[in-house]
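Peer 1: Residues per chain are reported as follows:
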Amino acid sequence: MAQFNLYQEEFHPSPIMHIWLEFKRSHFALVGFAILVLFCVIALISPFIAPYDPSLQNTNTLLLPPSWTSNGSIAHLFGTDTLGRDVFSRMLYASRTTFGASVLLVIIALLIGVALGSLAGMSKGVKSSILNHLLDSLLAIPTLLIAIIIVAILGTGLINSMLAIILALIPQFVHQTRNFVREEMKKDYILLDRLDGASSLRIFWHSVLPSMFELLAIQSTIALSVAIIDISALGFLNLGAQGDVIELGAALSQSLEAAYVAPWLVAIPGMCIFLMVLSVNIVGEGLRSALRNRLNH
Amino acid sequence: MTVMLLVKDLIYRHQVKRTLFTKPECFELGPINFEVYRGQTLAVIGHNGSGKTLLAKALVGGVTPQQGEIILDGESLAQNERQTRNQDIRLILQHSKNALNPAVTIGSILNQTLVLNTSLDEKDRYAKIEQTLVKVGLLREHYFFYKHMLSDGQQQRVALARALILDPKVIVADEPFAALDPSVRSQTVNLILDIQQDLGLAFIYISQNLGIVRHISDSVMVMDKGKIIESGATNEVFCHPSKEVTEKLISSHFNLVDKHFEQLG
Amino acid sequence: MPLLDIKNLTLEIESGSEKVKALDKVSLVVNEGEIRALVGESGSGKSLIVRAIIGAIPDHWKITADRLTWKGQNLLSMSQEKRRVIMRREIAVVFQDPTSSLDPLVTLGEQLEESIPAEFVVKGNYWQRKKQKREITISLLHKVGIKEHDACMKRFPHEIPSDITQKFMIAMALVSEPEILIADDPTRSMESTTKNQILKLLTRLNETKNLAILFVSHDLLAISSMSHAMTVLYCGQTVESGKVKHLLRRPLHPYTKALLDSAPSFQVNLPPKSHLTTLDGTIPTLQHLPIGCRLGPRCPSARKECVKVPESRNIQNHSYSCHFPLHMPTSGQGQAKEQTDQHVSAKEHAGASEKEAYVKFNEDIDGPPT
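Going down the list, the sequences are from chains A, B and C. 189 is the number that numbering that gives the first Met the number 0 gives to position 190 of the first sequence; each next residue is one higher, with no gaps. 183 is the number that numbering that gives the first Met the number 0 gives to position 184 of the second sequence; each next residue is one higher, with no gaps. 282 is the number that numbering that gives the first Met the number 0 gives to position 283 of the third sequence; each next residue is one higher, with no gaps.
Just chain A, with the same shape it has in the complex (with noise of 0.2 Å):
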């Protein structure tokens, strides 16, 4: 089928646009991707359309199985815990607590880790040599168990969970930054750049930066899918979010003892953590391949 053009102007879109306009190609990303809207949308406005209290036990409703099976009502669209809170209610404040918690950490780990990837990309010598590839032995370990670590040495709380996955999320940044620029520095056009008298700041900020940004969003979305998962498993092991601070992976394990009576109250925080790093993954798997086919079109 031709492609029907009104206008007869050429269209010439920027980079950043060619990736989205390869990105909606796909519709499974599409798809992926109006999921983590919604999720984003959840985490924003979650305290002004969750229809109870979270924490408000009603010694009437006990274990009440969600809407859609027999014994259900609607009143409470997930049902509710052995404590009568609403689950749904629940569910909407610990999606909010742990999507939230993992944007921002990855957010935060994103800029200490591109800072000292980049700066020890545009250095040369031994010393930038040496740290880099201490940091690189920590990426041998696994995130989630330098978490706990972590934890460990700092106690539990969800903000030092927080802080223990940044840690343990920086190495990956500092690494791929490193590289990528060392590689861009070695470029022609950043020869060019030298003789017109740029500074080494100038240069990053304008030549090698926007460059960057599609290796950062493919990092970040990696990044998001692990963090996601270690702040619920921190949650889940009880080192993460404690008392009534509500969080995916606590509330699963608070679950754990009645599972066989309430089955839903597993399954329903385990789904919505399913599908949270479900549409990271594939957001990142579209974004990766409209990178590498944007140029063919």
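Among the clues, some could well be false.
Residues from chain C that face chain B, not an exhaustive set, calculated with beta carbons under 8 Å [what the hints assert, rightly or not]: (1) S188; (2) A221; (3) V243; (4) L247; (5) A257; (6) L258; (7) K272; (8) L278; (9) V306.
Please keep in mind that the hints were generated in silico from the structure rather than gathered at the bench. Every residue gets a Cβ at the ideal spot worked out from N, C-alpha and C, and that includes glycine.
With chain A fixed as given, assemble chains B and C onto it according to the hints.
Peer 2: Okay, now just chains B and C, sitting in the frame of chain A:
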């Protein structure tokens, strides 16, 4: 004819450290002595590894020579005077995948050059960029184009625009026509000849393509292992080469040309 | 019978959502022992032709041809097995960048020994066979002019200078004693001394072993010094084809003339630092191919007839596709028009008057007409 560029006793030692334990290999460039007149083209030829690219970098300030003087239009260029150095001697590189930054627009590349070297305000910069784009045969709209939207010839014109935008006195070009198709090459050669005539630029040009060298250069310099082994007017060097290396280079090219004329009968 | 016979090869590829004819009725013939040059700039499709011959075209591209035969056997309708056998034993290919065509982790000697066909070393036990392989390797390296075979065989690809690597690639191509060598721009980005050596080697191989060569390049100097015949390609269309002598002397197509003008060494009386004669404009991209003759927008002698693809006309094995060829009286065009008015199918041979003029012009290099 006024001497635009005079190079005296330039020496640069390039240390290449292969591994941590072996002694570094030293490549010595020089002593280099030559002069280029206003509106004239000097071609530098030689085998790969004879130091031509190093010479180009030393002339534009990419590497610091240990010894020697570069006198541009009567004034001696000290290494710390980056400003004048940047403005008056500019470099054009071979067309390749990495000659132009693919993530930024042409306009922002040229804008950066102006911001770093002149004190023009935004409106003036924009006008100057447009003027330069037209001078090299591109359109004003190319300001907003990215590298992937341009053909090889157009990308090479952008490189030329980047060199010309600071109104230099000398342009050093390292194999600018090497990776281009024949028709694009002819167009670029014509463009450079026109610009040279209009602006009176001195042009130093490194190349392997002896046919083009013979056509566009006024004088030729032959380099081997970092030293200049022969130099002189193009016709002189091509018709009466005195050194063996020069002889080999020239005869290998003209062998092919002779065979061509044999075919014509 | 010609070794390689391609007639009206058309290749449709998908660009965006539309189908584009990257190759449009390309015709090419390589005879035994002949060096044929395939000349074209980037975007002309010369690498696509090489891939079509080898069979390295993705399945979703449509390839049609009146004839695409190797020694009479149709390559398009052949089974994969048979095609691979032909590719292995009878056709050899050498590509542009020699260092990237070799395995960087294996020494050169091992790579060459590995590619010797099993049929050449049958007799004897394992050690005798190894010895035979080594002997074959050494003789091949000598044949291509690499004298210090020991040093060469022990090294890795990145340790050897590019001219020796390219000679090594030619040695690898010759291992199976092919009948044709397809060289895809082997002397690109080489300095002139190295280029000379490679070209001399190819000429010697052609003369001593009667090896046909299909030399794909846009370097006219290299081509005119060693080829017997050439085919000029522009944007996927064959524009002119014939003996090198005839084309160089009197190019009939404006594009051939433009290519020849781009090499200043070919023009005797060109004043130094003067403009080179060029065609305006640039090579169109795949998305914006012109209708009819693809040189139309750039051609100085283009007229409104050029929106129709010109038919290929033939004078004494010099064929050209142009409505208004150079050096030809325009009566040829009128005659062709008459014929089509009478519903005669496309004429391949030009009118009598042009043929006369052509033969007369080339008398001194071709000899008097028989």
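Peer 1: Now tell me, hint by hint, if it's right for this structure.
Peer 2: Hints, verified against the model:
no.	hint	in the structure
1	S188	7 Å, holds
2	A221	7 Å, holds
3	V243	6 Å, holds
4	L247	6 Å, holds
5	A257	6 Å, holds
6	L258	6 Å, holds
7	K272	6 Å, holds
8	L278	6 Å, holds
9	V306	22 Å, violated
Checked against the numbered hints above, the structure violates only hint 9.
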